[in-house]
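Peer 1: Those sequence lines, one after another, are chains A and B.
Using my numbering, the first residue of the first sequence is number 1, and each one after it goes up by one.
Using my numbering, the first residue of the second sequence is number 1001, and each one after it goes up by one.
Since the hints were made in silico from the structure, they are not lab data.
For clarity, every value in this text was computed on a predicted model and none was experimentally measured.
The reader is advised that the hints may include incorrect statements.
Unchecked claim - Here are the simulated lysine-lysine pairs, DSS-like style, with alpha carbons at most 30 angstroms apart: (1) A:101 x B:1037; (2) B:1256 x A:120; (3) B:1123 x B:1300; (4) B:1089 x A:120; (5) A:178 x B:1256; (6) B:1119 x A:178; (7) A:101 x B:1300; (8) A:101 x B:1089; (9) B:1089 x A:54; (10) B:1294 x A:120.
To be verified - Chain A is nowhere near these chain B residues, computed Cβ spacing over 12 angstroms in every case: (11) 1010; (12) 1037; (13) 1061; (14) 1064; (15) 1137; (16) 1272.
Here a beta-carbon is modelled for each residue, glycine too, at the ideal position from N, C-alpha and C.
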Amino acid sequence: MADVAESDFLLATRGRAEELGAWVVGAVFDARNALAFALADGTLHLAGTTGDWKPVTAHDGAILSASADMQEGWLTGGDDGKLMRTAPDGATTTLADYKGKWVDHVAAHESGLRAAAVGKALHLLGPGGPLKTLAHPSSVGGIAFDTKGKRIAASHYNGASLWFVGAKEDKPRSLEWKGSHHAIAFSPDGTHVVTAMQEPSLHGWRLTDGQHMRMSGYPGKTRSLSFTARGRWLATSGAESIVLWPFFGGGPMGKAPTELAGGDAVFCTAVACHPQHEVVAAGFGDGLVLIAEIGSGKVVPVAPPSGSPVSALSWSPNGALLAFGTEAGRAGIIDLARRP
Amino acid sequence: MSQTQDAQIPVTVLTGYLGAGKTTLLNRILSENHGRKFAVVINEFGELGVDNDLVVDADEEVFEMNNGCICCTVRGDLIRIISGLMKRKGRFDGIIVETTGLADPAPVAQTFFVDEDVKRATKLDAIVTVVDAKHLPARLKDSSEAQEQIAFADIIVLNKMDLVSADEAAEVERLIKQINPYAEIRRATKSDVPLDSVIGRDAFNLARILEKEPDFLSGEDHHEHDSEVNSVSFEVAKPIDAEKFNAWISQLLQTKGQDLLRTKGILYYAGDSRRFAFQAVHMIADGDYIGEVKEGDPRKSKIVFIGRDLNRPQLRRGFEACQVEG
């Protein structure tokens, strides 16, 4: 991408970027396509393609994790021990206070569920408050709801636990595999769970028959996992290209992954699959952001390298907007909607 | 990765048996008026309160790595905490990690060699072990952890000196030096050591390895050992064959790594005008060139092992065989 002119990046013609001054932990669109950047200085920045961005102080300390809240607004977990909700108008509410313990991971489902991982505990909350606390053998490394919000998976040391959210008796299905697991993803149809490991490699479980899937060969740790809309591909960071594993035709077992947008000897640090099309956005260690069409391998440059790794990347649910953030605090939004 | 990195944050690891005075030292470091800010990672079951803005509770989760190396363990909680702390770089100048009294220091140290995020953001400054001058001799007899904490130490705070006689003090120092003659011993009462003797030591910097002459005890020839853990060192005058050395040390760490707690070496390779520094924690090794040899300096290669069941003649023969023939 070194030979691409600045003006050829979509950011120049269809987007805007700001320097927000702190590590961007999350670029999060809520279900209504409203965007907030969650920063390590405890602030959220409510952002759009036009108008002023609005800063909101949500935490006294760093935001460690951020997600969209149930129907609208944002959910954040901080090192101040709090689980906070920020409404689309910027009003903040404390949903829970875990007394100074770090809230490492948060997630929500539109059906009316919120989840916060605090050490070994995974707290589930509903619109009215706490529902239950699920205990794990070691600290939770990542959490993910399935598409329907019926189950939640939590990764940890030596595997992952799969919980039915509505179960009367809380006993998880244990997905076992030796080692330390962190980032975790559910396939959109709910049939597979994949984790990223310390090693660095990925591990997957086919839930129908417990089949293990090992996906290895990464030069770096995978931090970001994203399935394409219909679950045919799993896009991953952690290599000098976007690594995509085929989840069709018997894969990923025995299949080589597809690699896209490689060649710059810079690690891919974040991936996000488009919510409808087989298109993946990727951020790299130098700040470069691009979009690649999986079928053709065609690459479109989005944002030029800014010198700092891309730490957050996501699509709006309607697929028209892409947002990214970097460790150094650069945050951008790009409007990809068809123009009349 | 091609991006340039900010300066790495130094991390001091504070170990020591229960009641040795670790928390006293920690509070002393934090309360002294030095203008530096520390993030402190303490274990959940700490004895005393710690007064600091940024205190993180750790759970001491020791994880085995799936890399075929049984002694390769890391502190999973530390990886998570350091990744979190790094997101607010600039709020502190250093990190202090306190371990529980019974902790083996190896997983903490190995975390700084193994995890790419931790390596990128931080550097291990020194392992500081606080020991109780009165009770250490008994601890060394009944606890392998106490021996390991001495073996891993770069600095040993020999605490509670007011409770021992001059003879007892000399004896406890002798016991320490038998395990680890390379550690710097600082006598103290109520952990009253100068801050700069424990912070900012850069002891894991390859360029500083074996900088300090060991405190080998005069006249002692290592025949009787009071503890399982001890140390040996060898020096050779002929240049080292890089390939032979790599083959030997890799094999040695593979097979004996569990018993080799710390290994350090300075090597002069044949036909190379630079010095090569090498260190390992169990099986995990790290090495690099550390600059040109100065004119007139003796080109003597040296290697030190601190560990259990060290076979001195075998290690010596192995190292000597790495020399270039002729």
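Peer 1: Taking the hints in turn, state whether each one holds.
Peer 2: Here is what the structure says about each hint:
1. For the hint pairing residue 101 of chain A with residue 1037 of chain B, the CA-to-CA distance comes to about 21 angstroms; that is within 30 angstroms, so the pair holds.
2. Between residue 1256 of chain B and residue 120 of chain A the alpha-carbon distance is near 35 angstroms, which puts this suggested pair outside the 30 angstroms criterion.
3. Distance hint between residue 1123 of chain B and residue 1300 of chain B is fulfilled; the C-alpha atoms sit about 28 angstroms from each other, no more than 30 angstroms.
4. For the hint pairing residue 1089 of chain B with residue 120 of chain A, the CA-to-CA distance comes to about 26 angstroms; that is within 30 angstroms, so the pair holds.
5. Between residue 178 of chain A and residue 1256 of chain B the CA atoms are separated by roughly 24 angstroms; this keeps the pair inside 30 angstroms, and the hint holds.
6. Between residue 1119 of chain B and residue 178 of chain A the alpha-carbon distance is near 23 angstroms, which keeps this suggested pair within the 30 angstroms criterion.
7. Under the criterion of a C-alpha separation no larger than 30 angstroms, the hint pairing residue 101 of chain A with residue 1300 of chain B is inconsistent with the structure, at around 52 angstroms.
8. Restraint check for residue 101 of chain A and residue 1089 of chain B: satisfied, since their Cα atoms lie roughly 19 angstroms apart, inside the 30 angstroms limit.
9. Only pairs whose Cα atoms come within 30 angstroms are accepted, and residue 1089 of chain B paired with residue 54 of chain A is accepted, the gap being roughly 24 angstroms.
10. At roughly 54 angstroms between alpha-carbon atoms, residue 1294 of chain B and residue 120 of chain A are farther apart than 30 angstroms, so this suggested pair is violated.
11. In this structure residue 1010 of chain B is separated from chain A by more than 12 angstroms, as the shortest Cβ-Cβ distance comes to about 20 angstroms.
12. With a minimum CB-CB distance of about 14 angstroms to chain A, residue 1037 of chain B clears the 12 angstroms threshold, and the non-interface call stands.
13. Taking the minimum C-beta to C-beta distance to chain A, about 5 angstroms, the non-interface status of residue 1061 of chain B is violated against the 12 angstroms cut.
14. For residue 1064 of chain B, the shortest C-beta to C-beta distance to chain A comes to about 7 angstroms, within the 12 angstroms cut-off, and the non-interface label is violated.
15. Every C-beta of chain A lies more than 12 angstroms from that of residue 1137 of chain B, the closest at about 36 angstroms, which supports listing it as non-interface.
16. No Cβ of chain A comes within 12 angstroms of the Cβ of residue 1272 of chain B; the nearest lies about 28 angstroms off, and the non-interface call holds.
When each numbered hint is compared with the structure, violations occur for hints 2, 7, 10, 13, 14.
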